[in-house]
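Trainee: Given next are the chains, with one letter for each unit.
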Amino acid sequence: MSVDQMLNQFCAAFSAKNAEAVAALFDEQGLLEFPFAGQRLVGRREIANGVARMCENLDSVSISVRSKRATEQFVISEGRMSFRRTASKEEVSCAISIVVERGKSGAARISTYYDTYAIRPWVDGKIFATG
Amino acid sequence: MSKNQELLEKFCALFEQRDADGMSDIWAEDALYEIPLHDTALHGREEILHNMRIGLRGLEEIRIVLDNVVADSGGVSAEGTFYARNIGVPSRVDGRPSRLDFRFTLILEIEDGKIKRYSEYFDTRNLRMEERTRLSTASRRSPYWEGTVEAGVAHYMVYNHMFFPVVYKHSPAEEYEALTKRVTLWDVGCERQTEVRGPDALKLVQYITTRDLSKLKTGDCRYTLCCDPEGHILCDPVLLKPYDDVIWLSHGDVDLTLWARAIAMEGKFDVTVCEPDVAPVQIQGPNSLAVLNKLASKPVDGLGFYKCMENTIAGIEAIVSRTGWSGGLGYEVFPLSSDKAMHLWNAILEAGSEFDIMVIGPNINRAIEKGVTDTGYHVNSNMNPYEAGHGRLVHLEKEFIGRDALRKVHEEGPARQTVGLFIEGNIPLLEWFWPVESGKSKVGEVRWAAHSFALNRSLGIALVDASIQQRAQVTVDHPLGKVLATVTTIPFVTD
Numbered sequence: 001m002s003v004d005q006m007l008n009q010f011c012a013a014f015s016a017k018n019a020e021a022v023a024a025l026f027d028e029q030g031l032l033e034f035p036f037a038g039q040r041l042v043g044r045r046e047i048a049n050g051v052a053r054m055c056e057n058l059d060s061v062s063i064s065v066r067s068k069r070a071t072e073q074f075v076i077s078e079g080r081m082s083f084r085r086t087a088s089k090e091e092v093s094c095a096i097s098i099v100v101e102r103g104k105s106g107a108a109r110i111s112t113y114y115d116t117y118a119i120r121p122w123v124d125g126k127i128f129a130t131g
Numbered sequence: 001m002s003k004n005q006e007l008l009e010k011f012c013a014l015f016e017q018r019d020a021d022g023m024s025d026i027w028a029e030d031a032l033y034e035i036p037l038h039d040t041a042l043h044g045r046e047e048i049l050h051n052m053r054i055g056l057r058g059l060e061e062i063r064i065v066l067d068n069v070v071a072d073s074g075g076v077s078a079e080g081t082f083y084a085r086n087i088g089v090p091s092r093v094d095g096r097p098s099r100l101d102f103r104f105t106l107i108l109e110i111e112d113g114k115i116k117r118y119s120e121y122f123d124t125r126n127l128r129m130e131e132r133t134r135l136s137t138a139s140r141r142s143p144y145w146e147g148t149v150e151a152g153v154a155h156y157m158v159y160n161h162m163f164f165p166v167v168y169k170h171s172p173a174e175e176y177e178a179l180t181k182r183v184t185l186w187d188v189g190c191e192r193q194t195e196v197r198g199p200d201a202l203k204l205v206q207y208i209t210t211r212d213l214s215k216l217k218t219g220d221c222r223y224t225l226c227c228d229p230e231g232h233i234l235c236d237p238v239l240l241k242p243y244d245d246v247i248w249l250s251h252g253d254v255d256l257t258l259w260a261r262a263i264a265m266e267g268k269f270d271v272t273v274c275e276p277d278v279a280p281v282q283i284q285g286p287n288s289l290a291v292l293n294k295l296a297s298k299p300v301d302g303l304g305f306y307k308c309m310e311n312t313i314a315g316i317e318a319i320v321s322r323t324g325w326s327g328g329l330g331y332e333v334f335p336l337s338s339d340k341a342m343h344l345w346n347a348i349l350e351a352g353s354e355f356d357i358m359v360i361g362p363n364i365n366r367a368i369e370k371g372v373t374d375t376g377y378h379v380n381s382n383m384n385p386y387e388a389g390h391g392r393l394v395h396l397e398k399e400f401i402g403r404d405a406l407r408k409v410h411e412e413g414p415a416r417q418t419v420g421l422f423i424e425g426n427i428p429l430l431e432w433f434w435p436v437e438s439g440k441s442k443v444g445e446v447r448w449a450a451h452s453f454a455l456n457r458s459l460g461i462a463l464v465d466a467s468i469q470q471r472a473q474v475t476v477d478h479p480l481g482k483v484l485a486t487v488t489t490i491p492f493v494t495d
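As you go down the protein sequences, you meet chains S and H in turn. Oh and the first sequence: position 78 is 78 in UniProt numbering, straight run, nothing missing. Oh and the second sequence: position 472 is 472 in UniProt numbering, straight run, nothing missing.
Just chain H, same shape as in the assembly (with noise of 0.2 Å):
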């Protein structure tokens, strides 16, 4: 075998046993790296080691079968197959692994022993992951569209009547990657608001949420609840108080317009509710206020958490809030027209060259090891504040809708809790709420789940009966079978 098979050989080896850092010493200072998994070639043995670090922490049991090899004293070209499975990527429900499997060829370029150029073309039919969202003209489509579409969207869910973009082409590890370390943009214009404009803006939004707002001041933010009159979940919106009399509810996926509008439309209130024109973007992760800073007419550095101010971005008007979906350093900009969406789009993945910034949308692989949930979590179950782990947003002493029922829940004690779950090996997606069984009892349902990177383990959140204890051993009941689970604390992580 020539030397430059031996290296190529060498490279496969040490790619199958996921040693990046093993691979250091078989590239070229100025080596090319272009695989069709990355937007563009990696140009040096440094950033060419660094995504491959990236890109193997989303890969388990890989294999790399070498059929046909050619090598001469400028290189080896090579055909073959690759076959891994993906980590964070979730099984079908049917049983069936998220896998990365393909044929390919590879071409390398070799020097003094050192590969120059790594190009390598694939057969791209088992890369089409699955087929498009089917769209539908009854939801709508939200003003960074062209920007998503651009950026690869694959999978939509409808969310307020509205397409929301959730999986793009990256791996789940490339996007992990990306927004704890570097800068994410996500499309959050389905995040509608619920404006409400008045004198009585106030006294309406006390009523229809959970927590006092007596001290709210104007570029304030709150993380609240809204509920039904039985005490149940409604949502939990975002409040921010842009202006002197307008309140906005940035709130989940629920019609809390309609009914904060017919609240209002009893005639106790003096105020307009309305859903106004304004998308919402996100810029996550800890290189988002230098990238906001570039764009902002007015410096956004001492904005603090759940603070917003008026500013202009990119020279369009817009309301920006510190607050987010991923847990860590984020910023939310709500422009105030859509007309110039695009235009705010594109000047912030300008802005974000520099650092490298990828759009992607909300991360759960995140979100769920800060132990961030969504009102998917909460709606559709009875779920009480208190079952939620929310009792120190209700503050009984105002009046409230929903008061009295969760003045009894609150004197009586909850029946459920919410809790965290390591959960033993991979699990599916998430299609349904698993059943959590203790002993030959259910007890509860898995309502959140994903993989974690940072513990390289499957997590889950569930509501339980208020009787499970902390370390408790309970069985989870999903579409792969029946896995033990571990009762624990939640946030996961809190770095």
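Chain S extracted, bound-state conformation (with noise of 0.2 Å):
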């Protein structure tokens, strides 16, 4: 599989909310990088749980992309992500780069980063407080 077709499933995957599907796009000890969510996970087994626990509080999440560049080895692409979260209903969408980078039987990293000015990160705003 082709880091572009890796980077489709991933997108498919965490957009069905599949956790398993997200986790098998991966080497046995792949890594996800995935901070929004303050997650760094090494390994399918891990990956699995910590997908599963990032989506069970979310009613609805999408990610897409809008362009990319690469290589054989590695992609790196920019979108959207959005979500809508089981609690406050609070519909979020940030701009997103998605990188992937090919291991030997799957993707070897997958590291997610964000343009998340609108709903500050850093400071206890309005979407850590509604938890």
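One should not assume that every hint holds.
Unchecked claim - Calculated lysine to any residue pairs in the SDA-like style (CA-CA distance at most 20 Å, straight line):
1) H:K203 <-> H:D270
2) H:K340 <-> H:K370
3) H:K482 <-> H:R96
4) H:K116 <-> S:R69
5) H:K169 <-> H:E60
6) H:K3 <-> H:L14
7) H:K294 <-> H:F355
8) H:K116 <-> H:H50
9) S:K17 <-> S:A52
10) H:K114 <-> H:K203
11) H:K340 <-> H:P276
12) S:K104 <-> H:F355
13) H:K3 <-> S:T71
14) H:K116 <-> H:L49
15) H:K116 <-> S:G79
16) H:K114 <-> S:R69
17) H:K340 <-> H:D270
18) H:K3 <-> S:A52
19) H:K10 <-> H:L66
20) H:K294 <-> H:M309
21) H:K370 <-> H:T488
22) H:K116 <-> S:A95
23) H:K169 <-> S:C94
24) H:K217 <-> H:H232
25) H:K116 <-> S:K17
26) H:K3 <-> S:A70
Bear in mind the hints are in silico, worked out from the structure with no lab data behind them. Please read these numbers as outputs of a predicted model, since none were measured by experiment.
The two chains are supplied separately, each in an independent frame; assemble them into the complex guided by the hints.
Mentor: Dropping the structure here:
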């Protein structure tokens, strides 16, 4: 599978809140960095559990890609992440960049980066207060 | 290496060298710059370079490491790590420097060898500077609370039993720029008023303050002092006389209303003393007058320094004074009720939007340059006005609390003095007063300290023995070690 395909499948699996499908994209000891939710998950088992935990408080989540540049080894993309929290029903949306790096049999690493200024991740603003 | 990748490498090198001007030929005229540290995207080369200069002023020891880079004919994308040290954000007292380190990706769209679009994305883990101050119900909220949360408040201090927003999301360099070049809005609702009302209002205020007020007229303001019977400073309020029989003492972090009320209850004064529902905001900076005039029913142009007037701001009755804590042009607005406080706040933000108004806390970097301190400098030190450098505010010919003690100090000369210090190196946060030593003897303590952007060095204001001479070399013992300092005069900056 190409890094492009891995990226597409990651977005589709995450948007479906399918933690097992997300984990299946990785090498046995792959790394998922999802700092928005404070997550740095290593290995398929930890990734599956971590993603399930991230998704259990969300009514819906969607990750889409609008552009990307790739080599055989990695892809750097940009797009958008939106979600609605179960507790607050608040819609949150921010720009996201995703990097997928190829491993031996799957993704060695998927890292996510954000432009989250509008939702202020570095102060204890509304989004954190509503848990 | 492709030309687009070369352009990225050039940009990174110039950024590391803090050379914003050197970047002028790498941006397209109509470039777009999006990074998570800015409220909105920046448009056009000039705006980008202007903000780049401000941002770079607050950073040093910059290093950009690119791990993964991929380029094509339309641009270049990269993943890497940014390392820098913040200027003006004090180190922690355990020695950890204040840093801005994070992983990132960046996407550059390039046309004709120039950057057309620059978008950056962060790993936000390291950017969450500290946990927000814990709140308790024992302290009050300012009526502008909602606005300060929306503006990204990160830290509060408790001041006059009220949460006082002092740190927002911006870097000190950005806030300094906004204060000295544009306009800023401060929630100083915690700056409480001791209101003295009645036929003997002036008589009581004369008695509890050190400065002669016999020529005080309605519409006047004064910077003055309140002392205890031993002549020690209780606080340094700004006095306002907004109405004929009313005086407000706009005071620092001290229970002045209780003090004044207790004195009034001795029965010698025909007054009422209370803390009115008057929560001010400060509008400070060169464009403050323009912002205020857009909202005021009566023009504020003619309002002199340390004068106040009745006015209506955004439809809300208020007292406006030309006072503040910036040492430059600025105003305070005292709405006569908190009921419409947020309406006032939002109206000021809207009026200030054309000047790119910024919500900030009191900017200590600017205050220290101008030699401006606060009640925190004076209290808990048995400091008298002469030691504080405020002898001119003591008029011994009138009767007031502390006069006998201060007359003695005046005759004998103060034992200590307030001086400025140029402190070597970077300094940590002032969480306690740092000893000042001369030789092996302790000769005083630093009671106020911050980085100066105007002078690009660390400054302190200290209370030291009267024997210490100007230009003397002393040692400051702060949490990161003992460093040299040179005694000087204040203010440090006069423009």
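Trainee: Does each hint hold? Answer for all of them.
Mentor: Comparing the hints with the structure gives:
1. H:K203 <-> H:D270: holds, 9 Å
2. H:K340 <-> H:K370: With a Cα-Cα distance of about 34 Å, the restraint between H:K340 and H:K370 is violated, given a limit of 20 Å.
3. H:K482 <-> H:R96: The given pair, whose Cα atoms are some 16 Å apart, holds under the 20 Å limit.
4. H:K116 <-> S:R69: With a Cα-Cα distance of about 17 Å, the restraint between H:K116 and S:R69 holds, given a limit of 20 Å.
5. H:K169 <-> H:E60: Within the cut-off at roughly 19 Å; holds.
6. H:K3 <-> H:L14: The given pair, whose Cα atoms are some 16 Å apart, holds under the 20 Å limit.
7. H:K294 <-> H:F355: Roughly 12 Å between the alpha carbons, so the hint for H:K294 and H:F355 holds.
8. H:K116 <-> H:H50: holds, 17 Å
9. S:K17 <-> S:A52: Since the Cα atoms of S:K17 and S:A52 sit roughly 7 Å apart, the hinted pair holds (cutoff 20 Å).
10. H:K114 <-> H:K203: violated, 70 Å
11. H:K340 <-> H:P276: Within the cut-off at roughly 15 Å; holds.
12. S:K104 <-> H:F355: With Cα atoms ~55 Å apart, S:K104 and H:F355 exceed 20 Å; violated.
13. H:K3 <-> S:T71: holds, 17 Å
14. H:K116 <-> H:L49: holds, 14 Å
15. H:K116 <-> S:G79: holds, 18 Å
16. H:K114 <-> S:R69: Measuring from Cα to Cα gives roughly 19 Å; hence the hint holds.
17. H:K340 <-> H:D270: Not OK: H:K340 and H:D270 at ~32 Å, beyond 20 Å, violated.
18. H:K3 <-> S:A52: violated, 43 Å
19. H:K10 <-> H:L66: Roughly 12 Å between the alpha carbons, so the hint for H:K10 and H:L66 holds.
20. H:K294 <-> H:M309: Status holds; Cα separation ~16 Å.
21. H:K370 <-> H:T488: holds, 13 Å
22. H:K116 <-> S:A95: holds, 19 Å
23. H:K169 <-> S:C94: Holds - the C-alpha atoms of S:C94 and H:K169 are around 18 Å apart, at most 20 Å.
24. H:K217 <-> H:H232: With Cα atoms ~28 Å apart, H:K217 and H:H232 exceed 20 Å; violated.
25. H:K116 <-> S:K17: Distance ~36 Å between H:K116 and S:K17 Cα, so the pair is violated.
26. H:K3 <-> S:A70: holds, 17 Å
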